[in-house]
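Novice: Starting from two chains that each stand alone, build the complex the way the hints lay out.
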Amino acid sequence: QKEVEQNSGPLSVPEGAIASLNCTYSDRGSQSFFWYRQYSGKSPELIMFIYSNGDKEDGRFTAQLNKASQYVSLLIRDSQPSDSATYLCAVCRGGQFYFGTGTSLTVIP
Amino acid sequence: DAGITQSPRHKVTETGTPVTLRCHQTENHRYMYWYRQDPGHGLRLIHYSYGVKDTDKGEVSDGYSVSRSKTEDFLLTLESATSSQTSVYFCAISADPTEAFFGQGTRLTVV
Numbered sequence: 346q347k348e349v350e351q352n353s354g355p356l357s358v359p360e361g362a363i364a365s366l367n368c369t370y371s372d373r374g375s376q377s378f379f380w381y382r383q384y385s386g387k388s389p390e391l392i393m394f395i396y397s398n399g400d401k402e403d404g405r406f407t408a409q410l411n412k413a414s415q416y417v418s419l420l421i422r423d424s425q426p427s428d429s430a431t432y433l434c435a436v437c438r439g440g441q442f443y444f445g446t447g448t449s450l451t452v453i454p
Numbered sequence: 452d453a454g455i456t457q458s459p460r461h462k463v464t465e466t467g468t469p470v471t472l473r474c475h476q477t478e479n480h481r482y483m484y485w486y487r488q489d490p491g492h493g494l495r496l497i498h499y500s501y502g503v504k505d506t507d508k509g510e511v512s513d514g515y516s517v518s519r520s521k522t523e524d525f526l527l528t529l530e531s532a533t534s535s536q537t538s539v540y541f542c543a544i545s546a547d548p549t550e551a552f553f554g555q556g557t558r559l560t561v562v
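Listed in order, the protein sequences are those of chains V and A. Those letters in the first sequence? Residues 346 to 454, per my numbering, in order. Those letters in the second sequence? Residues 452 to 562, per my numbering, in order.
What the hints contain is simulated information worked out from the structure, not anything from laboratory work. Be aware that a few hints might be false.
Derived list of chain A stretches under chain V, where covered just means 3 residues or more per stretch with a C-beta under 8 Å from a C-beta of chain V [what the hints assert, rightly or not]:
#	stretch
1	464-478
2	482-491
3	496-509
4	523-532
Simulated restraints, written as ranges between beta carbons of each label pair [as the list claims (entries may be wrong)]:
#	chain 1	residue 1	chain 2	residue 2	range
5	V	Asn411	A	Thr549	27 to 33 Å
6	V	Gly399	A	His461	20 to 26 Å
7	V	Gly354	A	Asn479	34 to 40 Å
The beta-carbon is built from N, C-alpha and C at its ideal position, and this holds for glycine as well.
Just chain A, with the same shape it has in the complex (with noise of 0.2 Å):
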């Protein structure tokens, strides 16, 4: 998976309780993506990165923040989970950006 961890690979959570994913690259790759995927709905893009301390929103940032403090690690925080947040969540990393590489993904459950 092109040196990309995510963490953890499954969690079960609370509604209303703060969930905060991780996504470790190895490769040094400037843009670092957070999607999440759902069925019907694709992969949508929640927030990007372009380098350390510069991100972006996506199509469907609200209820979610993020912070890259390092260049090889990038933070996805549910402030609050809900229901809706239910996903498996992707990590991508590309250099240019050329292609974007995934890594193994998150399955959260929010119950």
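Bound-form chain V, shown alone (with noise of 0.2 Å):
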């Protein structure tokens, strides 16, 4: 069983809508959450992180957390072109950093 399983897509919205990512984690001795956002040829970039339970929003975008069920997502509001990239959820437990194979988002204009 992999540690973190998303999946992959393709995902597509339209511009201005709501895009929802989500996520699973296999172990429950994890401690913290995170999503990166990876366009073509670059590298990983931080753009939300969570350790409790519930939502936490900044700006479009907002992540939210169920350790019960082991779940973790990521909502974009008023997607943008700009958006359209591979979205990596990751969790952290023991020091190092499980990631899964991303999902792949395009907004259409």
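Specialist: Next up, the structure:
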């Protein structure tokens, strides 16, 4: 069983819509949770982190964590074409970061 | 890129040769990581370090070694490069660990 699982997509949404990205993790000992954005040919860029159950909002981004269900999600409101990228979910446990394979998002103008 | 520099950025090498990739940070972060990224596999941890001379293996450590003699430098060595090690290699750093920040990546091709 993989540490972190994501739907690979591709996910397409129209400009201005809400994009919803989901992730599950296998180990209940995971302590902190992250969303990274990666443009093609570039390095991953941290966009959100969350440590506690519930929602965390930062601008157009909202991260949601449900430890009981071992589920993390990222909502992108008012999606823009510049949001088109691969989104990586990651968890941290014991000093190590474990990454999902990423979900490809395309925002259609 | 949060004060992280990887070198070289691109390298082509022959099968069987040793290769060393360097990660240099100016953030004084305790944790440093080497990942490889391949299509369909995502980011996989090769080795990581939690302090000077303190290193540990990750998920895909076979064929790789690391060294960290100074806080700011973390070296990844492919002892005898193989075609299966053709990949994009990313270094990352983290303070506590909390968030991890990535370098620009090194594209390695083994021919």
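Novice: Starting from the hint 34 to 40 Å, judge whether the C-beta atoms of Gly354/V and Asn479/A obey it.
Specialist: 37 Å, holds
Novice: May I ask you to test the hint 20 to 26 Å on the CB atoms belonging to Gly399/V and His461/A?
Specialist: Since Gly399/V and His461/A have Cβ atoms about 43 Å apart, the given range 20 to 26 Å is violated.
Novice: How does the stretch 496-509 of chain A fare against chain V when you require at least three residues with a CB closer than 8 Å, holds or violated?
Specialist: Answer holds; 4 residues pass the 8 Å Cβ test.
Novice: So is the stretch 523-532 of chain A in contact with chain V by the C-beta rule, three or more residues under 8 Å, or is the coverage claim wrong?
Specialist: violated (count 0)
Novice: Apply the coverage criterion to the stretch 482-491 of chain A and chain V: a residue qualifies when its Cβ sits closer than 8 Å to a Cβ of the chain, and three qualifying residues are needed.
Specialist: Check passed, 4 qualifying residues.
Novice: Between the beta carbons of Asn411/V and Thr549/A, is the distance compatible with 27 to 33 Å?
Specialist: Violated, since Asn411/V and Thr549/A (Cβ atoms, about 21 Å apart) do not stay within the stated range.
Novice: Taking a Cβ-Cβ distance under 8 Å as contact, does the stretch 464-478 of chain A have three or more residues in contact with chain V?
Specialist: Not satisfied, violated; 0 residues make the cut.
Going through the hint list in order, the structure does not satisfy hints 1, 4, 5, 6.
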